[in-house]
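Participant: Just so you know, the protein sequences line up as chains A and B, in that order.
Add 1149 to a position in the first sequence, counting from 1, and you land on the number used in my numbering.
Add 1149 to a position in the second sequence, counting from 1, and you land on the number used in my numbering.
Simulated from the structure, these hints should not be mistaken for laboratory data.
No residue lacks a Cβ here, since even glycine has one placed at the ideal position from N, Cα and C.
Check each hint, because a few of them may be wrong.
Cβ pair distances, simulated, as ranges [to be verified]:
no., chain 1, residue 1, chain 2, residue 2, range
1, B, D1263, A, E1379, 43 to 49 Å
2, A, Q1188, B, L1270, 15 to 21 Å
3, A, E1394, B, A1563, 38 to 44 Å
4, A, D1487, B, K1401, 25 to 31 Å
2 protein chains.
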Amino acid sequence: MRASVPLIFDLFSAAPKTQLEYDYDGPSMKTSVPGPRSQNVGAVNFFCNYEESRGNYLVDVDNNRMLDVYTQISSIPIGYNHPALLKLMANPNHLSTLVNRPALGILPPENFPDKLTESLLSVSPSGMTRVQTMACGSCSNENAYKAMFIWYRNKERGHNMPSDEDVSTCMINKAPGCPDLSILSFNGGFHGRTMGCLATTHSKAIHKLDVPSFDWPMAPFPRLQYPLEEFTRENAQEEARCLEETEDVIVKWRQKGNPVAGIVIEPIQAEGGDNHASPDFFKGLRNIARKPYRIFNTWMGDPSKNLLLAEVLNVIRRENLLEEVTRSGKALLNGLYDLQAQYPGILSRARGQGTFCAIDICDDATRNSILLKARDKGVLLGGCGDRSIRFRPALIFKEYHVHIFLNIFNDVLAEHK
Amino acid sequence: MRASVPLIFDLFSAAPKTQLEYDYDGPSMKTSVPGPRSQNVGAVNFFCNYEESRGNYLVDVDNNRMLDVYTQISSIPIGYNHPALLKLMANPNHLSTLVNRPALGILPPENFPDKLTESLLSVSPSGMTRVQTMACGSCSNENAYKAMFIWYRNKERGHNMPSDEDVSTCMINKAPGCPDLSILSFNGGFHGRTMGCLATTHSKAIHKLDVPSFDWPMAPFPRLQYPLEEFTRENAQEEARCLEETEDVIVKWRQKGNPVAGIVIEPIQAEGGDNHASPDFFKGLRNIARKPYRIFNTWMGDPSKNLLLAEVLNVIRRENLLEEVTRSGKALLNGLYDLQAQYPGILSRARGQGTFCAIDICDDATRNSILLKARDKGVLLGGCGDRSIRFRPALIFKEYHVHIFLNIFNDVLAEHK
């Protein structure tokens, strides 16, 4: 059972070069874990030294070096401080990506579709040729569910526009606008902890307890017996039973007026206990439904964003940006008041705090036309509400930027007079 | 109205030095927007050149340079390519943060609490001394709602442990485990698009249409008349009316068995039309409730993560990691089979695909003891399900790592025999 090969031999003959450069040669423990420097840990396991962590080894603040077979809940795919990633992040060409996080849905970088083709789409399952990125797994699932509901209702409407009743009822959370539709999930499944995802998660009570949920159905996930080759017949029967119950549940929820719009399942139930099922089971499920699906991992927060925030605050203090923005905001609002007096047929309700300002336009069509014309003249503005324009400049938006804006805005308004 | 100060004067006298270095001197348009290089834009506005964007100016792929008064839906706080951020990200000391994203809730970096004190907590409202980071605004709100529900139910239970009925019903989405409780929100509010947040969002039908929702109450947000000083009495009446209706709605939902556990409101309704209310309104609301709350912004995906993914895939290909992981996975599973034969009273159901493996332990207490003992010996393992251990090594987990693991695991099991 025990490996007879000495560690030093493994490392210096079998390991490829890049591995050598950044992996350690074995665990090294100085204290029990959590150690004395991981004091007041509360809910966390212990505090880590990510700078000193390498390859398969996580180092904690007490200099304990641990072989990591859990990798941050399965989210460090090629180990700690991989030289290729360090080199990538040290490349000055990538600095812009790190500091200018875009609103991807509206203002993607030039090469983003190509980058997705090179990355996600290059490893997508055969036949899946499109991808929609989201910031995390829960967000991906929430949006996948919404896509299923929208698809289902669209089909029910015969691809016609939603009715006035659809539109008005949805604003107050009522059917038919917010329909009684459900997502079918499996006992033991884990799909995230936001409220839509959580209604399909059934792995542990601690995730779900005390949180309101939806009346959505749950089907049994096969419980296979091992070793598989000794229980071929029993396992096939178990999978057949689960498929049968899945069909029954779908019929039952349709009958009670809350039909199943989609099904979500993990290829391997992980959080629920690493439960596997055979390819036959998934093919059987595919025959019942039509939508294959995948699951990703979840993180909480992101230290690299916090690094940015801390420096943002330094800059705000160093450059007195709060003073600056108070001054620019006053200039902006005064300019809007002047324009409002000049174009009473177009503008009203100029308002704001600092540079966080807005103004109403006479109607929706004029507002949208102003937004487009301003953009063509080099000013990017945002709409909000039925017919408002909102201003969200950066904190380095000075008085002279206000004047550049007001000049162009004035030109645009003159064309609408 | 028009600014009479020439642009060149503004820039070279009024602008502080750091501004000079990276801001442009004005808009510069080459084409209409979207221009010819922003072809096939679909739902997006246009494609951007973030490398060439500077300060207040967003540059698109057609080299149109626009003064940006919308800043990626208000998410570029100190402008594009700020030198301080570029310098921060180019600092080799921060590389580890960029490439080792931790599961913060369990394995935070050593200095993370200090970093939060230096950043978020240094600007938190007076009296708010704790912070919980999340990856985005929707996730923050979802978790705030869950915190309110958990707090409410905990109070109802008199801080006793949940009953067996609570625990069993929550697993199938039923009361009392998943209680009938609601969050009160305001007409015109926007709090995100995940399903919990979406039930409190009432800004546009397009966000909500076709998505199942909760029976949660909505109160009116004040609609102020401008200029404020001319409508003092009317606006005070409007705010009083809204507070009164808020109280009525809380009573009504309590009476129908779906009590309000918490209230969510924006300090300024942004997406809903930049609607303001007076400090008196918020103080009045505070008197009705007890929980102040704030809202953040949302992004979709993150190109810097995609940059990492593309390089991860390069490494996987270059180092033949799929072949490697197949080999290590086989060694791991064979080792687990051997141990299972050696310790039949402790281990069962060894299983896996590649190195994505798991094994069951005789009971929960033994499993947890094994996890802790293995950790103290330098091996980090994860639990899942009632009594399973799951293995989630990195893709650079070689056969010799398997042997290091198996030796230590064997020692731990010998102590439990």
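Participant: Each hint should be assessed against the structure and marked as holding or not.
Facilitator: Evaluation of the provided hints:
no., hint, verdict
1, B:D1263 to A:E1379: 43 to 49 Å, "55 Å, violated"
2, A:Q1188 to B:L1270: 15 to 21 Å, "19 Å, holds"
3, A:E1394 to B:A1563: 38 to 44 Å, "42 Å, holds"
4, A:D1487 to B:K1401: 25 to 31 Å, "46 Å, violated"
Comparing the model with each earlier hint shows violations of hints 1, 4; every other hint is respected.
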